[in-house]
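Q: Protein sequences, first through last, are from chains A and B.
In case it helps, our numbering puts the first sequence at residues 1427 to 1661.
In case it helps, our numbering puts the second sequence at residues 47 to 369.
These are calculated hints, taken from the structure and not from any lab test.
Incorrect hints may appear among the rest.
[Claimed, not checked] Selected chain A positions facing chain B (in silico; Cβ < 7 Å):
1) 1472
2) 1495
3) 1528
4) 1560
5) 1606
6) 1607
7) 1632
8) 1633
9) 1640
10) 1643
Because the structure is a prediction, the values reported are computed rather than measured.
Just so you know, even glycine gets a beta-carbon here, dropped at the ideal spot from N, CA and C.
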Amino acid sequence: MNVLIDKFDVFAGGFWLTLQICVLAAIGALILGAVVAVLRISPVPPLRAVGTTYVNIFRNMPLTVVLFFAAFGLPALGSNADFLRIPGLDAIFSRLGTDLPYFRFGLIALVLYTAAFVCEALRSGVNAVPAGQAEAARSLGLTFGQNLRYVVLPQSWKASVVPLGSVIIAMIKNSALVGFFGVVGDLSQTADQLTSAGGYAFIPVAIGISVGYLIMTVPLGALLDRIEKRQAVAR
Amino acid sequence: MSRQTSVLYDVPGPRQRRITLISSLVAVVVLLAGAYLLIYRPLADKGQLSMELWGPLVDPSNENFSQVWERLWVGLKNTLIAAALAILASLVVGTLIAVLRIQLKSLTRRRFTGLATPLAYLLRGLSGTLSVITRICVEVFRGLPVVLTIFFVARGFPEFGVSFDNLWYLVIGLTVYNAVVIAEILRSGMEGLPGGQAEAAAAIGLSPFQTTGLILLPQAFRIMLPALISQLVVVLKDTSLGFIISYEETLNIGKQIIGVLGNPIQVYVVIAVLFIAINYSLSKLAQYAERRLSRGRRTTGAAPPTPPPAALTSQAEGAGGGI
């Protein structure tokens, strides 16, 4: 059990890096997912087709394949994802001692993959609003923007917050994969590192790593349960 | 499609239709230009569209074609074998866990009258503890990434002197996670059933075990069939994680091919298409099952099946994320 105390800073660092990836990827996925959702419910058929294709492709593809594309396909095209180096974010990225592009590759893959699920969560929320609500708003003379702002979105938000949370939980778990794609120092890579190269006993390391993920996923899951129960009563 | 979007829009009139047509044309032009600039140009500039790289995968007259596809076929077969074993094992284990949890829950509500007082308290304490333990196990394994369960199984078992083929590590790792998810799907299906079902079963003298097996479980399976099929998609996607323990599944074979031929983008495109084709047809099957089920229900005049809690199913599906 000594490894948990001796190497506490390694575990804490891994947790911190995983948390960083998760927060950044969640922000990216929510933005991109919202854009794709807008595409999918737009009145223009070609845009709708693009949104549907995007969702079908990324929902049916393993994240592993997306990561392979990002980590090996992008370098083959001569890009190391420098376009993600937005000045403000650079302060957060530079935490990695050596500036490897894999952090950015992993982030791109996670965002692309999760956005498809975010889109579905948002869209199912909009579709859950009874058509009569929007019709009533239109016959009152509300404009499209007012209709969205005062009638449709507040209701759809209620229906989509729980699925959205589940998507984020799944994404936190998915982020474990980037450790196997060259991101040095996140929780799952720490597990590999400590057990193989470090030669530490397996069980304590496994416990430490598991706790790291459970800290993130279990409270979020419990929160969602609560929200869902409350909503069920409210209805 | 248009029926789905009608929540937000009225049925378009002549003017709106004209606007839609024009913006469609504009969108098509913009999208084609974007695809040309952002996808075609970079690929062409780097020579990624040359027949030298694509040939082994798409051109039957290429010298490597038959060999490459033979290997890919082996990988695909391994993927399907692992997925099939994992889903079977998770169904069996998941059903057992679901039944166990339901039984324990009803057991904790029993007071064990008729037994000596200390014995009754002991039994009540025991069932309560077991119930809490199973609950904790479920929460822990549901909250862990699948990559890590696979990794832990592959690293941990040899540590105790137990070693298997890589296939079994993958299957066990996948089963640990998916069994728990399926157990939760089934359990919420059983708890979502009208209370009258269990009460009626008790009234005609079925034991709690018979009630679960004969009355609750079959109905839960039926209601949850779409969710179970989507879980199959998740398992299939997750078998691709076998590459971290060097199980020879599709992606690993792909990596070997890339090592020889040096065409990563092309090989991954082909593998992605394979996965998308299989999983897309499975999701269509799930949708079909859902439609069939809801239609069957309506004609019998019974109440519509309770939809599964959104958190549970979408979390499981999102986890298809691979983990």
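Q: Indicate, hint by hint, whether the structure satisfies it.
A: For each hint, the structure was consulted:
1. Taking 7 Å as the C-beta cut-off, the interface hint given for residue 1472 of chain A holds, the closest approach to chain B being about 4 Å.
2. Interface restraint check: residue 1495 of chain A against chain B, minimum CB-CB distance 5 Å, threshold 7 Å, status holds.
3. With a cut of 7 Å, the hint placing residue 1528 of chain A at the interface with chain B is violated, because the nearest CB-to-CB distance is about 15 Å.
4. Checking residue 1560 of chain A against chain B by beta carbon gives a least distance of about 5 Å; that is within 7 Å, so the hint holds.
5. With a cut of 7 Å, the hint placing residue 1606 of chain A at the interface with chain B holds, because the nearest CB-to-CB distance is about 5 Å.
6. Interface hint at residue 1607 of chain A: violated, since its Cβ lies 10 Å from the closest Cβ of chain B, which is beyond the 7 Å cut-off.
7. This hint holds: residue 1632 of chain A has a C-beta 5 Å from the nearest C-beta of chain B, less than the 7 Å allowed.
8. Proximity of residue 1633 of chain A to chain B is violated relative to the hint, the smallest CB-CB distance being about 10 Å (cut-off 7 Å).
9. About 5 Å separates the beta-carbon of residue 1640 of chain A from the nearest beta-carbon of chain B, less than 7 Å, and the hint is met.
10. With 7 Å as the threshold, the beta carbon of residue 1643 of chain A comes within range of chain B, its nearest partner Cβ sitting at about 4 Å, so the hint holds.
When each numbered hint is compared with the structure, violations occur for hints 3, 6, 8.
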